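Residue 18 in my numbering sits at position 18 of the sequence shown, with consecutive numbering throughout.
One or more hints might be untrue.
Calculated cross-link-like contacts (lysine-lysine; reagent style DSSO-like; alpha-carbon spacing at most 27 Å) [to be verified]:
id	residue 1	residue 2
1	K29	K173
2	K277	K206
3	K170	K295
4	K277	K385
5	K212	K258
6	K29	K277
7	K295	K270
8	K212	K277
9	K206	K216
10	K258	K308
11	K50	K385
12	K258	K173
13	K308	K356
Distance windows between CB atoms, simulated [what the hints assert, rightly or not]:
id	residue 1	residue 2	range
14	D118	N168	44 to 54 Å
15	D43	N195	22 to 32 Å
16	D48	T280	40 to 50 Å
17	D118	D372	37 to 47 Å
18	D114	P149	46 to 56 Å
19	S274	K385	18 to 28 Å
20	P149	E359	33 to 43 Å
Note that these hints are calculated values from the structure, not bench results.
Since we're looking at a predicted model, the values are computed, not measured.
Ideal Cβ placement from N, Cα and C applies to all residues, glycine included.
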Amino acid sequence: MRLIAFFQGIFIGTLALDASSVGQVSGTKIVPMDDWIKIEPADAGISDRKVRHLFDLSFLDPATQAAVLVKNGQIVGERYQKGFHSESFGTSWSMAKSFYAALIGISVDRGEIDSLDDLVSDYLSEFSDERGDITIRHLLNMTSGLAFPAHEHELMFLQENHLEYALNVKFEKSPGQVFEYNNVNSMLLSAILFNASGKPADQLMKERIFSKIGIKNYTLWRDSSGNPLSYCCVDMSARDFSRLGLLFARKGTWGHEKILPSNFVAETFKQIWSNIKSKTINQNRGYGMHWWVSKNDEHSSIFNASGKFGQFVFVDPYNDTVFTRITRYRPTGGAVQNLGTMRFFSWIGDLTLLRKLGERLTSMGLIDVGGDFSTPYTFEDGISKEFFTDYPAIVDAFADL
């Protein structure tokens with residue numbers, strides 16, 4: 001039996017009502033404003049024992065930095081690893097895909113994009129070639145048919161110009177036929193959004209989503225050439241990641257304001273692909289429209305935004321519940337990627353080896369973090385192990401609240 005009690009002394013748990021928190025009531029739902037209202041689980045109709053079980057499972061993995069549970073727009077539980085707190089940043093890695101995809105829905109609603117079934121070539125002239133049949137929907141469902149090498153285009157992360165890399169990926173399969181989790185699909189959304197709206201994708205994120213739902217402290221990373229990274233790399237607190245989850249849980253509305261078109265959210269929460277095998281998680285999953293499906297049966301439907309090394313925002317839209325878990329992260333500072341001397345090692349061609357090399361060089365003082373090295377970066381202590389093994393039990397614990 002795992003010694004859960006061992007961890008109790010090094011975690012900071014917060015389950016008490018914070019009288020300084022501020023929220024608004026919209027109908028019967030609380031809308032978090034500048035701060036959150038915090039209540040006891042029982043006041044939200046949830047078993048305190050079940051909440052503790054969910055958090056205990058999540059913190060069996062020492063990589064866990066923070067976990068936040070939101071019910072009916074109020075925090076009913078949060079816990080932080082020693083040395084971290086409610087304002088500590090985590091990094092999204094691929095969770096950002098789910099959030100940038102929402103901007104496509106907004107652009108369709110505004111008439112900047114006619115339809116999800118528009119050809120990518122309508123917005124990117126570079127695709128007026130053998131890739132001409134690929135649609136925006138194919139990108140969102142990860143069925144573009146673009147070339148998919150063994151490194152899954154993670155090496156795009158090492159380029160000075162991520163967009164140029166993405167625009168030059170060749171056609172390999174007929175679109176709409178095969179699911180392949182391709183980072184290039186998501187990076188292309190940045191260029192589509194710019195050509196459709198005239199504004200960079202990160203500016204759209206600030207104006208159309210973050211400013212509407214109270215997210216004020218964040219980093220939206222760009223590559224060295226100034227392109228917004230729409231496939232990864234949003235830094236913010238676990239509480240603010242929870243705001244994004246709550247926006248989706250509530251069909252795109254925030255109070256009385258419609259932020260995302262409800263039909264887009266409804267389509268997002270449809271399972272297009274099922275039984276997708278994972279290299280890390282001990283469970284097959286579903287996928288659709290840049291969101292993963294954790295559980296979809298007669299009892300519950302749980303969706304999640306998922307990022308490398310164990311970043312998750314779980315959403316139960318039918319019960320207005322969100323659970324966010326992020327791993328240990330040390331921001332390097334800055335918002336424009338600069339790999340500095342690490343770029344000279346890109347020939348290694350293996351991100352895992354490069355990450356370990358970077359950590360070693362940093363510990364030796366040979367890399368100036370925040371100086372000649374500025375990028376989202378997860379050290380060894382932020383890489384999940386137990387959380388992936390326990391993933392099915394964690395999803396079940398969330399669904400059983």
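Here is what the structure says about each hint:
For the suggested pair K29 and K173, the alpha carbons sit about 46 Å apart, so the restraint of at most 27 Å is broken. Restraint check: the Cα-Cα separation between K277 and K206 comes to about 34 Å, which exceeds 27 Å; the hinted pair is violated. Restraint check for K170 and K295: the C-alpha separation of about 34 Å exceeds 27 Å, so the hint is violated. Between K277 and K385 the CA atoms are separated by roughly 17 Å; this keeps the pair inside 27 Å, and the hint holds.
Between the alpha carbons of K212 and K258 the distance comes to roughly 10 Å, so the proposed pair stays at or under 27 Å and holds. Note on K29 and K277: the hinted pairing is violated, with a Cα-Cα distance of about 37 Å set against a maximum of 27 Å. Proposed proximity of K295 and K270 is supported: the alpha carbons are some 12 Å apart, at most 27 Å. Simply put, K212 and K277 have alpha-carbon atoms about 36 Å apart, too far for the 27 Å limit, and the pair is violated.
Simply put, K206 and K216 have alpha-carbon atoms about 9 Å apart, close enough for the 27 Å limit, and the pair holds. Among the hinted pairs, K258 with K308 is inconsistent with the structure: their alpha-carbon atoms are about 30 Å apart, more than 27 Å. For the hint linking K50 to K385, the alpha-carbon distance of about 23 Å falls within 27 Å, and the restraint holds. At most 27 Å may separate the alpha-carbon atoms for a hinted pair to count; K258 and K173 exceed this at roughly 38 Å.
The suggested pairing of K308 with K356 holds, with an alpha-carbon distance near 15 Å, which does not exceed 27 Å. A hinted range of 44 to 54 Å is violated for the C-beta pair D118 and N168, which are about 21 Å apart. Taken as a hint, the range 22 to 32 Å is violated for the pair D43 and N195, whose Cβ atoms sit roughly 48 Å apart. Look at D48 against T280: about 31 Å separates their beta carbons, and that is not inside 40 to 50 Å.
Distance hint check: the CB atoms of D118 and D372 are about 41 Å apart, consistent with the given range 37 to 47 Å. The supplied range of 46 to 56 Å is broken by D114 and P149, whose beta-carbon atoms lie about 32 Å from each other. As the Cβ distance of S274 to K385 is approximately 26 Å, the hint placing it in 18 to 28 Å holds. Look at P149 against E359: about 25 Å separates their beta carbons, and that is not inside 33 to 43 Å.
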